[in-house]
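My request is simple: use the sequences and hints to build the entire structure.
There are 2 protein chains.
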Amino acid sequence: MSAVYGGVEGGGTHSKAVLVSAEGHILAETDGPCTNHWLVGVDNCINGINDMVQRAKIKAGLDPDTPVCSLGMSLSGGEQKAAIQKLIDDMRERYPKLSQSYFITTDAIGAMATASDYGGIVVISGTGSNCKLVNPDGTQVGCGGWGHMMGDEGSAYWISHLAIKTVFDARDNLVTSPHDITYVKKAMEEYFQVSDLMGMLPDLYRNFQKSHFAGFCRKLAEGGSAGDALCQHVFTEAGKALARHIVAVLPKVHQDLFSGELGLPVLCVGSVWRSWELMKSGFTQVLSEAQAHGYSHFHKYSLLTLHQSSALGGAKMGAQNAGASLPLDYSANVNVFFSHTFNQ
Amino acid sequence: MSAVYGGVEGGGTHSKAVLVSAEGHILAETDGPCTNHWLVGVDNCINGINDMVQRAKIKAGLDPDTPVCSLGMSLSGGEQKAAIQKLIDDMRERYPKLSQSYFITTDAIGAMATASDYGGIVVISGTGSNCKLVNPDGTQVGCGGWGHMMGDEGSAYWISHLAIKTVFDARDNLVTSPHDITYVKKAMEEYFQVSDLMGMLPDLYRNFQKSHFAGFCRKLAEGGSAGDALCQHVFTEAGKALARHIVAVLPKVHQDLFSGELGLPVLCVGSVWRSWELMKSGFTQVLSEAQAHGYSHFHKYSLLTLHQSSALGGAKMGAQNAGASLPLDYSANVNVFFSHTFNQ
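First to last, the protein sequences are chains R and U.
Just so we're aligned, residue 1 is where the first sequence starts under the UniProt record's numbering, counting upward by one.
Just so we're aligned, residue 1 is where the second sequence starts under the UniProt record's numbering, counting upward by one.
The set of hints was computed from the structure by calculation and includes no laboratory data.
All of these numbers come straight from a predicted model, not from anything done at the bench.
Be careful, since some hints might not be right.
Identical copies look the same in the list; a pair holds intra-copy or inter-copy alike.
As the list claims (entries may be wrong) - Cross-link-like lysine-lysine pairs, in silico, DSS-like; alpha carbons within 27 Å at most:
| # | residue 1 | residue 2 |
| --- | --- | --- |
| 1 | 165 | 252 |
| 2 | 86 | 97 |
| 3 | 219 | 186 |
| 4 | 280 | 86 |
| 5 | 219 | 280 |
Here it is as structure tokens:
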């Protein structure tokens with residue numbers, strides 16, 4: 001068959017695979033479950049990836065026993081060198097018909113590669129969160145991405161946790177809730193099917209599933225849209241937290257990234273950004289404060305969202321690593337959903 | 001054999017078992033590993049308990065095939081009714097020679113039963129943390145005790161986490177550390193045997209062991225005693241956090257508990273209290289502020305520590321539950337290590 005390049009987007013709840021022709025056309029796409037190896041283990045991760053790509057080959061009418069030229073994976077949890085080398089070694093050994101070559105990058109870098117070859121800031125907020133600045137010269141500066149035990153600020157996990165912790169602390173009289181907890185407590189009891197706080201312990205320990213826990217965020221988004229003040233509060237806090245990640249990397253942003261038509265481009269990836277309207281006040285407040293305190297050249301920023309899965313950027317990087325160049329039409333992949341120009 | 005009563009103290013890192021005669025004399029004591037069923041699972045929990053008690057029988061010269069009259073267990077994680085009933089059912093089925101009857105209470109209530117039959121406030125800070133008010137009429141009000149995913153403020157886990165998170169946030173430029181991180185970063189790299197922050201991920205996820213993570217707190221205590229400002233800071237914050245648990249239950253404290261010679265008795269349980277000198281300023285500050293804001297009858301408090309394992313209180317409650325009364329000399333079990341009288 002003619003050259004086919006594979007790409008994978010691996011999230012903390014869902015994953016996607018894509019096959020791309022040498023001309024940059026999408027031949028097939030498939031879906032799968034969480035492939036974050038920190039969350040599901042190495043075996044589940046590589047089985048899930050193999051399964052998605054093999055199904056995509058069949059869907060595209062290709063022979064599943066013929067390896068693709070390259071497989072570029074944009075994985076949440078794809079950062080630690082030793083761990084990703086082990087993933088690649090295990091895939092090579094166990095699935096020799098999957099691909100001729102392998103490349104793994106983080107979900108943030110894969111998303112950026114889908115949107116632009118010029119750089120910008122990626123802010124991921126899905127099950128977990130992460131932020132990465134990519135400068136025009138290719139240098140990268142990260143903030144966050146350490147997972148729920150050491151960060152994930154502003155993610156669906158974090159929003160769910162903040163809301164639930166507010167209920168626990170109110171019950172304990174440890175911290176007074178800023179708003180009535182009635183809606184959140186009831187939504188929590190329904191979502192986790194518990195009758196009291198003690199009933200939450202299995203969901204927090206023995207049966208803990210990050211993606212299920214983070215899924216409660218959807219109920220909070222519904223509550224926020226319906227006007228519940230505590231739900232709105234936790235999303236405002238998430239907006240602040242995500243903006244703080246941008247502020248953290250601002251000192252390292254190359255001057256050229258500020259000066260385009262869009263101002264500083266911020267690529268927003270992950271399902272939590274669907275609740276942008278709930279996060280907007282907290283997000284814009286933190287960026288405006290940072291701008292006012294010493295970033296006079298930071299005159300404008302724009303928030304972009306992807307039309308395509310970052311599996312596409314993964315495929316591009318995987319091909320590049322194998323010596324091929326996939327032409328991508330970046331302008332068709334992104335959309336500006338918010339712009340703000342600061343008062344000078 | 002004459003009547004023998006068993007008691008267990010189950011912690012997040014270590015456990016203890018004790019056998020007591022009908023006269024209240026200790027016949028044997030044994031040690032074991034973590035028996036918190038949320039952390040190690042039901043099987044490891046009940047195996048560990050059976051092993052400790054059977055070894056104690058042999059140590060006391062008793063027949064290990066003869067059940068003790070009762071086994072009273074004071075367990076960290078011993079709160080949720082359904083979970084503790086399952087523990088008891090499994091023990092009965094798997095170890096019919098262990099004991100004739102079973103009783104499980106929390107580590108906090110077991111500690112209080114070791115110290116007094118009049119009540120007071122127990123504040124546990126070991127691997128995890130918990131606070132329980134026991135009024136003279138036996139009524140209880142709790143704060144905390146939800147484990148590391150939803151609380152544990154002021155515990156060894158929490159102190160370790162706060163210090164490590166400060167290093168991560170400083171590296172990310174997300175939050176500026178209040179003090180130099182050099183000592184804590186180096187101690188972390190040594191304790192966890194990692195060369196960078198990325199290396200911490202296995203310790204946080206795949207190989208996470210709460211007791212090992214919490215054990216880093218000892219290195220922080222050493223740093224604090226040697227004068228490191230960030231180590232001292234995290235312990236000051238722990239002191240504040242533990243005091244806030246007391247403030248949370250203050251509105252429910254029965255008047256009589258304020259009026260004894262010691263003022264409000266606070267029983268301090270767990271290894272973190274060994275670092276009292278490092279926590280003192282934060283702890284006393286929070287209680288003084290609370291007292292100044294509306295608790296004029298709260299004129300004095302005393303901090304007490306146990307000489308005996310709370311396995312002894314567990315044994316007493318287990319015996320009581322089986323219809324027997326163990327005489328304990330409370331005055332020999334406790335020691336006042338700090339008292340404070342507020343300026344009126």
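Which of the listed hints are not met by the structure? Violated: hint 4 alone.
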